[in-house]
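J.: Chains A and B supply the protein sequences, listed in that same order. When we follow the working numbering, the leftmost residue of the first sequence carries the number 1, and every step to the right adds one. When we follow the working numbering, the leftmost residue of the second sequence carries the number 1, and every step to the right adds one.
Calculated from the structure, these hints are not laboratory results. Be aware that a few hints might be false.
Here are the simulated DSS-like pairs of lysine-lysine, each with C-alpha atoms no more than 25 angstroms apart in a straight line [as the list claims (entries may be wrong)]:
no.: 1; chain 1: A; residue 1: Lys295; chain 2: B; residue 2: Lys259
no.: 2; chain 1: B; residue 1: Lys338; chain 2: A; residue 2: Lys258
no.: 3; chain 1: A; residue 1: Lys220; chain 2: A; residue 2: Lys359
no.: 4; chain 1: A; residue 1: Lys338; chain 2: B; residue 2: Lys258
no.: 5; chain 1: B; residue 1: Lys259; chain 2: A; residue 2: Lys338
no.: 6; chain 1: B; residue 1: Lys296; chain 2: A; residue 2: Lys245
no.: 7; chain 1: B; residue 1: Lys258; chain 2: A; residue 2: Lys359
no.: 8; chain 1: B; residue 1: Lys295; chain 2: A; residue 2: Lys245
no.: 9; chain 1: A; residue 1: Lys245; chain 2: B; residue 2: Lys359
no.: 10; chain 1: B; residue 1: Lys338; chain 2: A; residue 2: Lys259
no.: 11; chain 1: B; residue 1: Lys295; chain 2: A; residue 2: Lys258
no.: 12; chain 1: B; residue 1: Lys295; chain 2: A; residue 2: Lys295
no.: 13; chain 1: A; residue 1: Lys258; chain 2: B; residue 2: Lys359
no.: 14; chain 1: B; residue 1: Lys258; chain 2: A; residue 2: Lys296
no.: 15; chain 1: B; residue 1: Lys258; chain 2: A; residue 2: Lys245
no.: 16; chain 1: A; residue 1: Lys296; chain 2: B; residue 2: Lys295
no.: 17; chain 1: B; residue 1: Lys272; chain 2: A; residue 2: Lys359
no.: 18; chain 1: B; residue 1: Lys245; chain 2: A; residue 2: Lys296
no.: 19; chain 1: B; residue 1: Lys258; chain 2: A; residue 2: Lys295
no.: 20; chain 1: B; residue 1: Lys296; chain 2: A; residue 2: Lys258
no.: 21; chain 1: A; residue 1: Lys259; chain 2: B; residue 2: Lys295
no.: 22; chain 1: A; residue 1: Lys296; chain 2: B; residue 2: Lys296
no.: 23; chain 1: B; residue 1: Lys259; chain 2: A; residue 2: Lys359
no.: 24; chain 1: A; residue 1: Lys258; chain 2: B; residue 2: Lys245
no.: 25; chain 1: A; residue 1: Lys259; chain 2: B; residue 2: Lys359
no.: 26; chain 1: A; residue 1: Lys295; chain 2: B; residue 2: Lys245
no.: 27; chain 1: A; residue 1: Lys359; chain 2: B; residue 2: Lys245
no.: 28; chain 1: B; residue 1: Lys296; chain 2: A; residue 2: Lys295
no.: 29; chain 1: B; residue 1: Lys245; chain 2: A; residue 2: Lys245
Number of protein chains: 2
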Amino acid sequence: MKAIGVIVEYNPFHNGHKHHLDEAKKLSKADCVIAVMSGNFVQRGEPAIINKWDRARLAIENGIDLVIELPFVYSVQSADIFAFGAIDILNKLKIRELYFGSESNDVDSLKEIVSTFNTVEFQTRIKKYLDEGNNYPSASGKTVYDLTKRRFTSNDNLGIQYINSISKLKSSIEPKTIQRVHSNYHDKNSDHASIASATAIRLMDDPFQYVPKNTYEALKGNTYTWNHYYELLQYKIISDPDLEKIAFVEEGIENRFKKYIHASSFEEFLNKVYTRRYTHNRIRRTLINILCNIKKDDYSELNLLNGAPYVRVLAMNENGRKYLNLNKKEIKTPIISKASEINNMMMSIEVRVTEIYDKLLLRNEFKPLIYNKN
Amino acid sequence: MKAIGVIVEYNPFHNGHKHHLDEAKKLSKADCVIAVMSGNFVQRGEPAIINKWDRARLAIENGIDLVIELPFVYSVQSADIFAFGAIDILNKLKIRELYFGSESNDVDSLKEIVSTFNTVEFQTRIKKYLDEGNNYPSASGKTVYDLTKRRFTSNDNLGIQYINSISKLKSSIEPKTIQRVHSNYHDKNSDHASIASATAIRLMDDPFQYVPKNTYEALKGNTYTWNHYYELLQYKIISDPDLEKIAFVEEGIENRFKKYIHASSFEEFLNKVYTRRYTHNRIRRTLINILCNIKKDDYSELNLLNGAPYVRVLAMNENGRKYLNLNKKEIKTPIISKASEINNMMMSIEVRVTEIYDKLLLRNEFKPLIYNKN
Chain A
1 MKAIGVIVEY
11 NPFHNGHKHH
21 LDEAKKLSKA
31 DCVIAVMSGN
41 FVQRGEPAII
51 NKWDRARLAI
61 ENGIDLVIEL
71 PFVYSVQSAD
81 IFAFGAIDIL
91 NKLKIRELYF
101 GSESNDVDSL
111 KEIVSTFNTV
121 EFQTRIKKYL
131 DEGNNYPSAS
141 GKTVYDLTKR
151 RFTSNDNLGI
161 QYINSISKLK
171 SSIEPKTIQR
181 VHSNYHDKNS
191 DHASIASATA
201 IRLMDDPFQY
211 VPKNTYEALK
221 GNTYTWNHYY
231 ELLQYKIISD
241 PDLEKIAFVE
251 EGIENRFKKY
261 IHASSFEEFL
271 NKVYTRRYTH
281 NRIRRTLINI
291 LCNIKKDDYS
301 ELNLLNGAPY
311 VRVLAMNENG
321 RKYLNLNKKE
331 IKTPIISKAS
341 EINNMMMSIE
351 VRVTEIYDKL
361 LLRNEFKPLI
371 YNKN
Chain B
1 MKAIGVIVEY
11 NPFHNGHKHH
21 LDEAKKLSKA
31 DCVIAVMSGN
41 FVQRGEPAII
51 NKWDRARLAI
61 ENGIDLVIEL
71 PFVYSVQSAD
81 IFAFGAIDIL
91 NKLKIRELYF
101 GSESNDVDSL
111 KEIVSTFNTV
121 EFQTRIKKYL
131 DEGNNYPSAS
141 GKTVYDLTKR
151 RFTSNDNLGI
161 QYINSISKLK
171 SSIEPKTIQR
181 VHSNYHDKNS
191 DHASIASATA
201 IRLMDDPFQY
211 VPKNTYEALK
221 GNTYTWNHYY
231 ELLQYKIISD
241 PDLEKIAFVE
251 EGIENRFKKY
261 IHASSFEEFL
271 NKVYTRRYTH
281 NRIRRTLINI
291 LCNIKKDDYS
301 ELNLLNGAPY
311 VRVLAMNENG
321 RKYLNLNKKE
331 IKTPIISKAS
341 EINNMMMSIE
351 VRVTEIYDKL
361 LLRNEFKPLI
371 YNKN
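Only chain A is shown next, with the shape it has when bound in the complex (with noise of 0.2 angstroms):
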């Protein structure tokens, strides 16, 4: 069985996804669809808008065969650690090509930047714009263009740090692009006919044109934004007298979060702690971390660069199964469904951001999903 890789979100599915989806099929005729994809909480630092078993359900539904989750500490970080998480697993699960959205939909090109990332001129340069107070995608955006004359969108910029993974863990991991069709991920507004990005339909009223109908009825149900957690957050900063022991909290930015807390909403209580020296990004996941509870000495007792020592499976078909039984002997990672199966600190951060995500509904725990594909 030829399987193929990719590495998603899907927060929430939607039609664009399923393009991306139909002709990564299409391109490689493979027999198998593995998607590694984030948990409850995104790398964007939100809760995801719904789920990550509905999502799980969701991308099984609409044609991915097997669905392992990206643990916590690998989703909610920057780019370059994302990346490494996701490759990692989708190099122990022995795939063959990875295929992913790219604007620029040249391999070679991309390749040629990452070829640039270890170099002394590479560090210089961006150690020199990170100094001027640019923080790091800027920085680094502006390095590769000092080196290469190429632009990158942030789009591309994932797609560059899945090419520096496969890299670095010596995999032979194919990359492959899908040009990105009419939206750009960031896009607020929307008029193309059945794409809109995700970040535009989890703003919609009414996202029915953009996507599917099995997402369209997930949606009806409980969503999930900061908004929601935003009582906990602001009793959470209120209360710890430690916030810098926090994972990600540097250079007192506690003392931000601490002067800004009455705010009356996230939104505004994001833009009030904004400084051009940290991304939007950058500060919604450190304030994931504080809701979570999630500290210094967690991140210090895991090796990330060990990569990930399980393989979650959220959600599978008969199709994704069966690719797990005739590879199991390859596959040296143990693969589990259940949190109970394992007992490390990787997992135990897992268990407890899904009951802090889950709270609000105080669910209890969750089996994977097995489906049909029919």
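Assemble chain B onto chain A, guided by the hints.
T.: Quick look at chain B alone, frame taken from chain A:
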């Protein structure tokens, strides 16, 4: 000026309190009545039904001259520590007499009970009862009965602790009892014409006949119960892997908290975690410390046996102000009103618990209220 003291919670101020205050004034012919009052969290381990600033105002409007805050670290405590913190403040303020309600109304009998406390026989017997699985109030009641053949109620227990603290502090304060009328503090039923317990009043839909008009009006405003904080408590218990570092958390009770925290209401949760080994009060006090994130380490930085290092005025009238002015040379402890006037661990805990209590209203810092008596 002759000053007398009362130790109160006024949760809320009711006709029984008014009766007590009138009797104390009549018997003492005092020029000034000072109340040491619990702040936003009370001795039985609950948020006060009305915030401390409004309760202080109601106290002044109903005849108290000076309201002093009993710091959180003394108010949410067993009777002995609660009593010690309050008596220490009144002692520092040079009052002559303490008036407290008593079922037995027999000071000599209470003094006799106190005289047994530091005997070897008392210690031996109480240890035996505790080892048999009795909680502390029950064990001490049985011990006192064995040694004196006297029974004492939970309310007399506070009186006993006041007398014991006066003795420990070698204070010249003279303890005086006032007969409690027609109501037991823990009565949930109330059928007397105008007096009901605070507990009963808090549960009433319409307490009109049992409270002064101003209390009645205040009860129509924002009131606070554990239910308002239950979601925050759930979040705290779910998100803190180090609950055993919280003050009062002993003997693995945190595991019971984690086990039952998905109960649908605070009352259901409390009933589930209850064990004979602890009183409901002690469990609730432990939960208040969890809610307010007060650590064992915080307490070890305090020396409760030294008393509070400040006297904080919550409200006063001209009479109270005059008393403080006349005695300012003899009162060696700093008298403050705003939290920012003092910087130590006890006050930083006070600020934190006040912010958490007020969280739902997101209030700014209050200024102390100063009233004219007429």
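J.: Each hint: holds or not?
T.: Do the hints match the structure? See the list:
1. For the suggested pair Lys295 of chain A and Lys259 of chain B, the alpha carbons sit about 23 angstroms apart, so the restraint of at most 25 angstroms is met.
2. At roughly 20 angstroms between alpha-carbon atoms, Lys338 of chain B and Lys258 of chain A fall within 25 angstroms of each other, so this suggested pair holds.
3. With a C-alpha separation of about 19 angstroms, the suggested pair Lys220 of chain A and Lys359 of chain A falls inside the 25 angstroms cut-off, and the hint holds.
4. Under the criterion of a C-alpha separation no larger than 25 angstroms, the hint pairing Lys338 of chain A with Lys258 of chain B is consistent with the structure, at around 20 angstroms.
5. For the given pair, Lys259 of chain B sits about 19 angstroms from Lys338 of chain A by alpha-carbon distance, which is consistent with the 25 angstroms threshold.
6. At most 25 angstroms may separate the alpha-carbon atoms for a hinted pair to count; Lys296 of chain B and Lys245 of chain A meet this at roughly 18 angstroms.
7. Under the criterion of a C-alpha separation no larger than 25 angstroms, the hint pairing Lys258 of chain B with Lys359 of chain A is consistent with the structure, at around 13 angstroms.
8. About 15 angstroms separates the Cα atoms of Lys295 of chain B and Lys245 of chain A, which keeps this hinted pair within 25 angstroms; it holds.
9. Straight-line distance between C-alpha atoms of Lys245 of chain A and Lys359 of chain B comes to about 23 angstroms, which keeps the hinted pair within the 25 angstroms bound.
10. Pair hint Lys338 of chain B plus Lys259 of chain A holds up; C-alpha atoms about 19 angstroms apart against a cutoff of 25 angstroms.
11. Proximity of Lys295 of chain B to Lys258 of chain A is assessed by CA-CA distance (about 20 angstroms); at most 25 angstroms being required, the pair is judged to hold.
12. Proposed proximity of Lys295 of chain B and Lys295 of chain A is supported: the alpha carbons are some 17 angstroms apart, at most 25 angstroms.
13. Taking the CA atoms of Lys258 of chain A and Lys359 of chain B, the gap is near 13 angstroms; set against the 25 angstroms cutoff, the hint holds.
14. Annotation: proposed proximity of Lys258 of chain B to Lys296 of chain A holds, straight-line Cα distance about 23 angstroms (limit 25 angstroms).
15. With a C-alpha separation of about 23 angstroms, the suggested pair Lys258 of chain B and Lys245 of chain A falls inside the 25 angstroms cut-off, and the hint holds.
16. Restraint check for Lys296 of chain A and Lys295 of chain B: satisfied, since their Cα atoms lie roughly 19 angstroms apart, inside the 25 angstroms limit.
17. Taking the CA atoms of Lys272 of chain B and Lys359 of chain A, the gap is near 19 angstroms; set against the 25 angstroms cutoff, the hint holds.
18. Distance hint between Lys245 of chain B and Lys296 of chain A is fulfilled; the C-alpha atoms sit about 18 angstroms from each other, no more than 25 angstroms.
19. At roughly 20 angstroms between alpha-carbon atoms, Lys258 of chain B and Lys295 of chain A fall within 25 angstroms of each other, so this suggested pair holds.
20. Between Lys296 of chain B and Lys258 of chain A the CA atoms are separated by roughly 23 angstroms; this keeps the pair inside 25 angstroms, and the hint holds.
21. Restraint check for Lys259 of chain A and Lys295 of chain B: satisfied, since their Cα atoms lie roughly 23 angstroms apart, inside the 25 angstroms limit.
22. Distance hint between Lys296 of chain A and Lys296 of chain B is fulfilled; the C-alpha atoms sit about 22 angstroms from each other, no more than 25 angstroms.
23. Restraint check for Lys259 of chain B and Lys359 of chain A: the C-alpha separation of about 14 angstroms stays at or below 25 angstroms, so the hint holds.
24. In summary, the hint linking Lys258 of chain A to Lys245 of chain B is supported, as the alpha carbons are separated by about 23 angstroms, within the 25 angstroms threshold.
25. A C-alpha spacing of about 14 angstroms is found between Lys259 of chain A and Lys359 of chain B, which places the hinted pair at or below 25 angstroms, so the restraint holds.
26. For the hint linking Lys295 of chain A to Lys245 of chain B, the alpha-carbon distance of about 15 angstroms falls within 25 angstroms, and the restraint holds.
27. For the hint linking Lys359 of chain A to Lys245 of chain B, the alpha-carbon distance of about 23 angstroms falls within 25 angstroms, and the restraint holds.
28. Between Lys296 of chain B and Lys295 of chain A, the direct Cα distance comes to roughly 19 angstroms. Compliance with the 25 angstroms bound is thereby established for this hinted pair.
29. For the proposed pair Lys245 of chain B and Lys245 of chain A, the alpha carbon gap of about 15 angstroms is at most 25 angstroms, so the pair holds.
Violated hints for the displayed structure: none, as all numbered hints are satisfied.
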